[in-house]
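Chain by chain, the residues:
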Amino acid sequence: MDFLANLATGFATALSPENLLYCFLGVLLGTLVGVLPGLGPVATIAMLLPATFALPAETALIMLAGIYYGAQYGGSTTAVLINLPGESSSVVTALDGYRMAQQGRAGAALATAAGASFFAGTVAAFIVAFLAPPLAGVALQFQAPEYFSLLVLGLIASVVLAQGSLLKALGMVVLGLLLSLIGTDVTSGTSRFAFDVPELRDGVKFVVVAMGVFGVAEIVRNLERESARQVLATRISSLMPTREDVGRIVAPILRGTALGSLLGILPGGGALLASFASYALEKKVSPRSAEFGKGAIEGVAAPEAANNAGAQTSFIPMLTLGIPSNPVMALMIGALILQGIRPGPNVMLEQPRLFWGVIVSMWIGNLFLLVMNLPLIGLWVRVLAVPYHLLYPAILVFATVGVLSLSNATFDVHLMALFGVFGYVLAKLDCEPAPLLLGYILGPLMEEYLRRAMTLSRGDPTIFLQRPISAAMLVVAVLAVAAALLPAVNRTRAKAFAE
Amino acid sequence: MRVRNAKDLLAGCLFLAFGVAFLILAQDYQLGSARRMGPGYFPVVLSLILIVIGLATVVRSLIVSGLPVRDFSVRALALVTASVVLFGLLVEGVGLGLAVAGLVLAAAPASRNSRPLTALLLAAALGVFCVLVFVKSLGLPFPVLGSWLGG
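Chains A and B supply the protein sequences, listed in that same order. The opening residue of the first sequence carries number 1 in my numbering; numbering runs sequentially from there. The opening residue of the second sequence carries number 1 in my numbering; numbering runs sequentially from there.
In case anyone wonders, no lab produced these hints; they're calculated from the structure. It is possible that some hints are incorrect.
Here are the simulated SDA-like cross-link-like pairs (lysine to any residue), alpha carbons at most 20 Å apart as the crow flies [to be verified]:
no.: 1; chain 1: B; residue 1: Lys-136; chain 2: A; residue 2: Phe-195
no.: 2; chain 1: B; residue 1: Lys-136; chain 2: A; residue 2: Leu-406
no.: 3; chain 1: A; residue 1: Lys-205; chain 2: B; residue 2: Val-85
no.: 4; chain 1: B; residue 1: Lys-136; chain 2: A; residue 2: Ala-251
no.: 5; chain 1: A; residue 1: Lys-205; chain 2: A; residue 2: Ala-385
no.: 6; chain 1: B; residue 1: Lys-136; chain 2: A; residue 2: Ala-51
no.: 7; chain 1: A; residue 1: Lys-205; chain 2: A; residue 2: Pro-352
no.: 8; chain 1: B; residue 1: Lys-136; chain 2: A; residue 2: Ile-337
no.: 9; chain 1: B; residue 1: Lys-136; chain 2: A; residue 2: Lys-205
no.: 10; chain 1: A; residue 1: Lys-284; chain 2: A; residue 2: Ala-251
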């Protein structure tokens, strides 16, 4: 069996002492940043990116992946204990989880969250293992037109799934694409939009943009709503859910896992959307929908399963097509490129250790999280007590030193400050930074594929519609926009993000 | 005509400004044809799209009402940004440790909960920590003492 042989390769890689250690470090760090509000996985991964250069590629990716799904666990801990979601994907967990904590059932809520996440993580790891090879097989036949249409679909999806106005999200994507063109055009060698500044000849590094709009700007946003945070000393009595609880959560966990896995694969999807959608679904189908928002254990189980499943299946487009479905995946691609690996369908064939090692490590990482998270809850509560005015200077220092270490250029540091101002202004105008970042990372690829497709068709733009796969992807993109514009869907969308 | 949504108006103007700026700059690059795209082709197409989106956003801001821009914290933004810039200016001159300390001290007043003494302690601790971790153990090529201090 090919599948078993692949899994064996994966286990051999993931179980090496070095990889186990970095997987553990990754999930530990991920939980920590998940617990800390105001520091998310994007900024953390961006900060650590330069440091991973010294590691082998699979080790680097294993650790970075651990940060991403570890953050989902940490975010739910704080959501339950103090009604403060550490991650945006845990916002819905707080609705019922915190109510449970108030009713003295914090332990049951946390155990449910951890158990649901573990189950979903295990299933999602299998889904990635099963789905990725055939998808990569299909992708190997892709040519320039298919890739271009796929990129269009990915960008459109990120627009449709963004919070707030579609029009502004679309503007952010295009702005991101334009900014990505700064630097030398690889085909003609022309230096574009560089104003004869030598440092701009290679373009602005992605990490610099990400740290500016997600790191610096985020700090300022947190400072403006800073207040004295009170951590309630929640006593955690019994961790075990009752038999009745277990009976109530089985179906929601299964539904959450299925929905989360599906939404994670979509470009623009991932953990955030998965958790919102699954909460909405449970509220609809549950026989106890009246209890939702008042401490329904289903309201904890389903979104926690969904966000973890979504976090993991969002690796599928990244690993098979080389296309990031969210900013975290964009950073993963950045890490691969730093290692000299060009992401795409060939990664699976040429780097089986990397590919299968990362997949198996996700399952091992989830096991770490399950085992270590519950005993460490006391520690996380204490971490939360660190006031923000001691925290943000440290975050700022690590971000700045991280950017400096990219190529030891103070120019990058100043550019990061500039993007920080830019990001803050955009945030104040309700312009979401995620589509901008996605456009920024995909811009060069998009231009390249557009060029090749048009050369292939001798300048005939209908090539994108003549080829069936390409046409299908464009149709899906148009349908997605049309659906989002429908008044009914638009209202639901507004409601889903309102919380 | 009345502005009903200041956020949309400003966002639209921002898109317009970027679109026009990129369009003007792109005039210097060869356009080429659809079949053989020059370096100017993709930027021009994108700039035009951005201009259209900008115009649409501006028009919408006159029709659909929204919330005004609120709580723009100039002070926090200025201090945080300035501290990063300060670090960039200092690091080669005074070395990593002192530049980190400078960053922390400059950024500290951005929070209303900061106290001078805790900020000093934090600056010293982070300065030492960064030198130990980044230079001594990770071996990154940052100066411990900068050129101004004879390092």
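Now the hints, each set against the structure:
no.	hint	verdict
1	B:Lys-136 to A:Phe-195	violated (38 Å)
2	B:Lys-136 to A:Leu-406	holds (17 Å)
3	A:Lys-205 to B:Val-85	holds (17 Å)
4	B:Lys-136 to A:Ala-251	violated (53 Å)
5	A:Lys-205 to A:Ala-385	violated (35 Å)
6	B:Lys-136 to A:Ala-51	holds (14 Å)
7	A:Lys-205 to A:Pro-352	violated (28 Å)
8	B:Lys-136 to A:Ile-337	violated (27 Å)
9	B:Lys-136 to A:Lys-205	violated (26 Å)
10	A:Lys-284 to A:Ala-251	holds (13 Å)
This entry does not satisfy hints 1, 4, 5, 7, 8 and 9, going by the numbered hints stated previously.
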